[in-house]
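Q: Which chain is which? The protein sequence lines are U and S, in order. Counting in the UniProt record's numbering, the first sequence runs from 1 upward without gaps. Counting in the UniProt record's numbering, the second sequence runs from 1 upward without gaps.
It is worth saying that the hints were derived from the structure and are not from the lab. A portion of the hints provided could be inaccurate.
Identical copies look the same in the list; a pair holds intra-copy or inter-copy alike.
To be verified - Cut-off 25 Å, straight-line C-alpha distance, at most; resulting in silico cross-link-like pairs (SDA-like, lysine to any residue):
#1 K311 - K395
#2 K326 - I347
#3 K395 - H208
#4 K307 - E389
#5 K379 - P392
#6 K4 - I98
#7 K395 - G209
#8 K417 - N105
#9 K4 - H33
#10 K102 - T368
#11 K235 - V402
#12 K4 - Q387
#13 K232 - D207
#14 K102 - D252
#15 K282 - Y343
#16 K307 - V400
2 protein chains.
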Amino acid sequence: MAKKMNAFYAQSGGVTAVINASACGVIETARKHKDKIGKVYAGRNGIIGALTEDLIDTTKESAAAIAALRNTPSGAFGSCRFKLKSLEANKREYERLIEVFKAHNIGYFFYNGGGDSADTCFKVSQLSEAMGYPIQAIHVPKTVDNDLPITDCCPGFGSVAKYIAVSTLEASYDVRSMAKTSTKVFVIEVMGRHAGWIAAAGGLVEDHGIPVVILFPEVEFDQKKFLAAVDKKVKEFGFCTVVVSEGCHYPDGRFLAEQGTRDAFGHAQLGGAAPVVANMIKDALGHKFHWAVADYLQRAARHIASKTDVKQAYELGKKAVELAVKGHNSVMPTVDRLSDSPYKYKIGMAPLSKVANVEKFMPRDFITKDGFGITPKCKRYLTPLIQGEDYPKYKDGLPVYVTLKNVAVAKKLPTFKL
Amino acid sequence: MAKKMNAFYAQSGGVTAVINASACGVIETARKHKDKIGKVYAGRNGIIGALTEDLIDTTKESAAAIAALRNTPSGAFGSCRFKLKSLEANKREYERLIEVFKAHNIGYFFYNGGGDSADTCFKVSQLSEAMGYPIQAIHVPKTVDNDLPITDCCPGFGSVAKYIAVSTLEASYDVRSMAKTSTKVFVIEVMGRHAGWIAAAGGLVEDHGIPVVILFPEVEFDQKKFLAAVDKKVKEFGFCTVVVSEGCHYPDGRFLAEQGTRDAFGHAQLGGAAPVVANMIKDALGHKFHWAVADYLQRAARHIASKTDVKQAYELGKKAVELAVKGHNSVMPTVDRLSDSPYKYKIGMAPLSKVANVEKFMPRDFITKDGFGITPKCKRYLTPLIQGEDYPKYKDGLPVYVTLKNVAVAKKLPTFKL
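Put together the whole structure using the sequences plus the hints.
A: Written out as structure tokens, the structure reads:
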């Protein structure tokens, strides 16, 4: 691309402890390529910001504010759950995107999200060919679910894995203390609708003497076998910790707990598997229980983020810009693992056509034969991802997180109805 | 006490992130007073360890292991939920305690717990007079509920308050990012059956631009007013965070969520107020929600403990031993606040007769007029207590917590049936 063009950056889907570190990588790197990239405009609330011409001028933010993004959880520009339909099904939206891109001289499109967002980014990347508008769309991977293909891991996952491993360890020490006369079973519910990566992280505490039973979404729930597994652990250790994935389900597909509502992508809104499991144990085995549902706490927990994860989130944002200035389109930078211990990786690249709408599940050999634990191979995979602490600064006892000014770019087009 | 006697130390009730820091203070200080204190025997699982003569010889633990207690959450010797009946109601238990104390030459009794445990400690302190056995019983305060009287705060509380404030801040940033197209209300359920101290800590994030509605156990739940408060915040900010205490209840005393089971003290086992509140909001206002129940995660979260809290926990354990060697009986060391900012305090002392079975609730002037927030006075009280971080060491991505050897002392007496 000969002409200097502006860039569009947006955050999509569920936010994480480190998605802003990727934003930091994108913006800081773009600022270093002023010969090719003009301004970085952020979409307010993801792709919706592009469709509604609700753009944020990131040049109004100081270098210090952008640097602080590295240490701030959540999505600084707002995220969205909004999936573009196909070009055939809703040409109007694509035409609008081109109008907005043209109006603001946007030639680079950086979309920071998971599988659904990769699909959106892939569709945008096709605009160039399909509608004759020169755009380079690069996807910046992000998802606590760790379910994007090709890349060894996804930014956001390492930190949630660390949070879950640390929390499971701490709560298990707690229940161990109480087990003689009180709580014998502690159940923690973790995120993961289809893939059990986050639940797997709870298994890392086994090497610290903690008995853990894990319920993966990849393993159909078998109540009898599950209760027998818990019973065995309690008899041996005096207590037991259960890590249940929100996506754990019966053979017929029913989730252990469905709230009956669905989100914008049509996914069932889950939650509440922990109390279901806990009461099941109480009824069958009579043990006193406690249960926790970590929910947003796990994916927002920047205070205990993995240093490795923060570093990779930043590097992938940086790499996305570097790929763009080199002329790439329709790609996603990836983490390519070179070795487990010492942990070595390089940043690679994958075509978006192979990323969009593909989900990566736990390999069968990461899960123990009985279906309730993780294998040494899985531990070798997970351990490097939770390495290192990257503490934010604190003031008055609370972390110092940045809230950007988010100054709007003046609109040039008529209003667009979503 | 002229003769050199051994000491008994035990942990009671719900454990915390810093109760082991108090144990560390007790044991390290006792080791410095070898002229007056022989061995420190820890009760395995609280007072049950004394009744069943299940004593742990802490002299078998290295100085490094005892020092590591300062950084380890949970109760290293096991805790219990077991309340001694009155001397009149169950003389047999008291006679047994004296037998065990005599058999092991125990002259000092350090009991580390909350209100119910202070009552146990108080009863033991009366043995001296009532049953002619020379024992000095000192209570070491501990409770995340922060509901002990006289002392300005209770070890364990500062850390849980910090955890809840940090987590509420982080999750609120998350929901703020998602609110445009998805989650608008985040509900976090926190501990606190009768006193709203922990819930109050969630209010500290208000000064970070987060709209918070708090449901205290001290304020009878009024659904209409509550929904109006949430509606107002969502209209003004686009999102809202709700912090609900597990003890929040209707005017008739019914908890928002009761599981129907009761613990050994006869307390209702609570949990699940968050989903009740979240669904209430969905039904009335239509907002998409997420909810979390922090449960044990909050009280075990040593990884984000308050430095002030860890320090005080240690100092109170230390002071308990110092009071004992000075000849005190039936007392509890206290935190006496001298000033808010800069935060200054001294370690004082209170008679156990004034501590046992007294609960300290949130003063009315700590809660805003509408009942849903905290006042500047409350913020001045809370802020010093969450000051400072006191990170544990990490190995392979997880905190290094100690598990003691807990070597049993040889029994000398016949078995005792509880």
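Q: Honestly, which of those hints from before does the structure not fit?
A: 10, 12, 14, 15
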